[in-house]
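*Asks:* Read off the chains here:
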Amino acid sequence: MELAEPFEMTQPAISQHLKVLEDAGLIVRRIEGTRRPRRLAHAGIEAMDQWLAMLRKALEKNYDRLDAVLAGMEKNRKGDKP
Amino acid sequence: MSKLTLKTEGDTHVIVTRRFAASPDAVYRAHTDPKLVQQWLLGPEGWTMPVCINEPRPGGKIRYEWTHVKGGGFYLTGEYLELEPYSRIVHVERMHLPDPTPDNHVETRFDADGTGTLMTIRMTLPDVETRAAMLATGMERGMEASYVRLEGMI
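Protein chains in written order, with the working numbering: chain A, 1 to 82; chain B, 1001 to 1154.
Excised from the complex, chain A in its bound form:
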């Protein structure tokens, strides 16, 4: 209920969004009587951050190497000229 308040959405719609986040492992739900408090699931968020950090690192390495390959291509092209 509290999570739905700031949004112009119905309670069932909010519940649906929360279910997607829960299934994705990004939030976890507790049961306290009739309340269902949620909190961020750190493991899920961290896994995503880690994956993005890994991707960034691999791409940075790749493109630094590509800079060298491109410099080599330019040299060859100039070398071809009579």
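For the record, the hints were derived by calculation from the structure and aren't laboratory data.
Among the clues, some could well be false.
As the list claims (entries may be wrong) - Calculated cross-link-like contacts (lysine-lysine; reagent style DSS-like; alpha-carbon spacing at most 25 Å):
(1) B:K1003 with A:K57
(2) B:K1035 with B:K1061
(3) A:K57 with B:K1007
(4) A:K19 with B:K1035
(5) A:K61 with B:K1003
(6) A:K75 with B:K1003
(7) A:K75 with A:K61
(8) B:K1070 with A:K78
(9) A:K78 with B:K1035
(10) B:K1070 with A:K61
(11) A:K75 with B:K1035
(12) A:K57 with B:K1035
(13) B:K1007 with A:K61
What you are looking at is a predicted structure, and each value in this text was computed from that prediction instead of being measured.
Using the hints, position chain B against chain A.
*Replies:* Frame of chain A, contents of chain B only:
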């Protein structure tokens, strides 16, 4: 100075940009000529790509196989969907670890930027649930590797 930018957009997109001091023509060729791809698409140190198949035409196949100096390896397969020579490539790809990861849909643009090139990659990853399952699998693997190391220690 980091020349690379990487940001997420919505639930399923990752946008990467990078500038190169070479023409769009050259950067495009470095992405589609297997002899050139083999020289740079290697990720972290220690990896080589002994097999590089790259058929730059719609429906053409992509297959990259990597091996590590200390043994072990994995491969990637993909297909080209659209190619506009020297300006745009659209393809799908998946890693085989050895189980295939869900398809990653990738659009790469090469725009002239002064005397160089601005490359923009837009990846569309699977929906949030599939992606979470993917990450969970990765975590299990990571944990399994840690347990194996632990077993070696005790």
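*Asks:* With a cut-off of 25 Å on the C-alpha distance, tell me whether K75 (chain A) and K1003 (chain B) pass.
*Replies:* Holds, at roughly 23 Å.
*Asks:* Does the alpha-carbon distance linking K75 (chain A) and K1035 (chain B) stay inside the 25 Å limit?
*Replies:* Judged against 25 Å, a Cα distance of about 17 Å means the pair holds.
*Asks:* Between the alpha carbons of K57 (chain A) and K1035 (chain B), is the straight-line distance 25 Å or under?
*Replies:* The hint holds at about 23 Å.
*Asks:* Is the straight-line distance between the alpha-carbon of K1070 (chain B) and that of K78 (chain A) 25 Å or less?
*Replies:* 38 Å, violated
*Asks:* Assess, step by step, whether the Cα of K1007 (chain B) is no farther than 25 Å from the Cα of K61 (chain A), and give holds or violated.
*Replies:* 17 Å, holds
*Asks:* Could you grab the alpha-carbon distance between K61 (chain A) and K1003 (chain B) and see if it respects the 25 Å cut-off?
*Replies:* With Cα atoms ~11 Å apart, K61 (chain A) and K1003 (chain B) stay inside 25 Å; holds.
*Asks:* When you check the alpha-carbon spacing of K1003 (chain B) and K57 (chain A), does it fall within 25 Å?
*Replies:* Status holds; Cα separation ~12 Å.
*Asks:* Decide if the proposed pair is consistent with the structure: K19 (chain A) and K1035 (chain B), CA atoms, cutoff 25 Å inclusive.
*Replies:* The hint is violated at about 47 Å.
*Asks:* Taking 25 Å as the top limit, are the C-alpha atoms of K57 (chain A) and K1007 (chain B) close enough?
*Replies:* 13 Å, holds
*Asks:* Is the Cα-Cα distance between K1070 (chain B) and K61 (chain A) 25 Å or less?
*Replies:* 19 Å, holds
*Asks:* Would you mind confirming whether the straight-line C-alpha gap from K78 (chain A) to K1035 (chain B) stays at or under 25 Å?
*Replies:* 19 Å, holds
*Asks:* Given the hinted pair K75 (chain A) and K61 (chain A), is their alpha-carbon gap at most 25 Å?
*Replies:* OK: K75 (chain A) and K61 (chain A) at ~22 Å, within 25 Å.
The earlier numbered hints that this structure contradicts are 4 and 8.
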